[in-house]
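Protein chains in written order, with this note's numbering: chain R, 61 to 172; chain A, 45 to 156.
Some hints here could point you the wrong way.
[Stated by the list, open to error] Pair by pair, the computed Cβ-Cβ distance ranges are:
| # | chain 1 | residue 1 | chain 2 | residue 2 | range |
| --- | --- | --- | --- | --- | --- |
| 1 | A | 54 | R | 77 | 31 to 39 Å |
| 2 | R | 123 | A | 156 | 44 to 52 Å |
| 3 | R | 100 | A | 97 | 18 to 26 Å |
| 4 | A | 54 | R | 104 | 20 to 28 Å |
| 5 | A | 120 | R | 84 | 16 to 24 Å |
Since the hints were made in silico from the structure, they are not lab data. All figures in this text were calculated on a predicted structure; none of them were measured in a lab. All residues carry an ideal CB built from backbone N, CA and C; glycine is no exception.
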Amino acid sequence: SAVISQKPSRDICQRGTSLTIQCQVDSQVTMMFWYRQQPGQSLTLIATANQGSEATYESGFVIDKFPISRPNLTFSTLTVSNMSPEDSSIYLCSVGTGWEQYFGPGTRLTVT
Amino acid sequence: GESVGLHLPTLSVQEGDNSIINCAYSNSASDYFIWYKQESGKGPQFIIDIRSNMDKRQGQRVTVLLNKTVKHLSLQIAATQPGDSAVYFCAEGAGNNRKLIWGLGTSLAVNP
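Let's have the full structure, built from the sequences with the hints guiding it.
The structure is reproduced here in structure tokens:
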């Protein structure tokens with residue numbers, strides 16, 4: 061299984077600002093996913109980020125709010141733009157090998 | 045829309061007992077099912093998976109059962125240990141897009 065790291069692990073941000081979350085994988089992978097998880101709740105897929113193509117966003121998520129970069133097969137970023145308190149959540153990246161997905165430790169974001 | 049749900053949101057067991065966590069799914073086209081364990085402050089961790097052409101699969105201390113007739117999935121943990129305390133998620137996949145649909149989660153508490 062792949063080893064995945066995320067930066068930052070947590071942050072407290074003011075509303076109206078933006079935060080970029082980094083996801084680094086120790087091996088080359090084609091499929092990467094970004095999720096949001098509200099405390100005590102399940103995972104919600106934000107987008108699929110495959111290297112060499114535009115990210116594919118799920119219903120309710122738009123590129124202007126959550127721009128994603130995928131410059132190579134080991135790295136991706138998710139930006140949470142123009143944040144509001146409703147964006148307070150845990151953001152997780154995962155990589156897929158077939159159907160299995162392996163997750164990073166998450167970034168806990170609090171917007172004040 | 046299609047969804048995956050869990051029968052029990054919380055489960056409390058005695059150390060050494062067997063645990064059974066249940067999951068219902070609604071997409072009859074799903075052909076891949078997977079269980080994850082999420083400990084506090086960490087990302088989900090893969091436990092075991094099963095494909096729709098199987099009805100049972102065993103791992104180390106864990107067994108997944110699939111009943112396609114009633115669209116039901118269960119995770120059995122033998123000799124439950126305090127380290128098994130976590131939230132358990134089932135997820136399902138269909139088609140080739142490799143996107144998982146996640147259940148609501150069951151919190152397992154192991155009493156010493």
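For each hint, the structure was consulted:
1. A:54 - R:77: 31 to 39 Å: At 37 Å between Cβs, range holds.
2. R:123 - A:156: 44 to 52 Å: Cβ of residue 123 of chain R to Cβ of residue 156 of chain A: about 49 Å, so the range 44 to 52 Å holds.
3. R:100 - A:97: 18 to 26 Å: Check failed, 35 Å falls outside 18 to 26 Å.
4. A:54 - R:104: 20 to 28 Å: 21 Å, holds
5. A:120 - R:84: 16 to 24 Å: 35 Å, violated
In this structure, the hints that do not hold are numbers 3, 5, in rising order.
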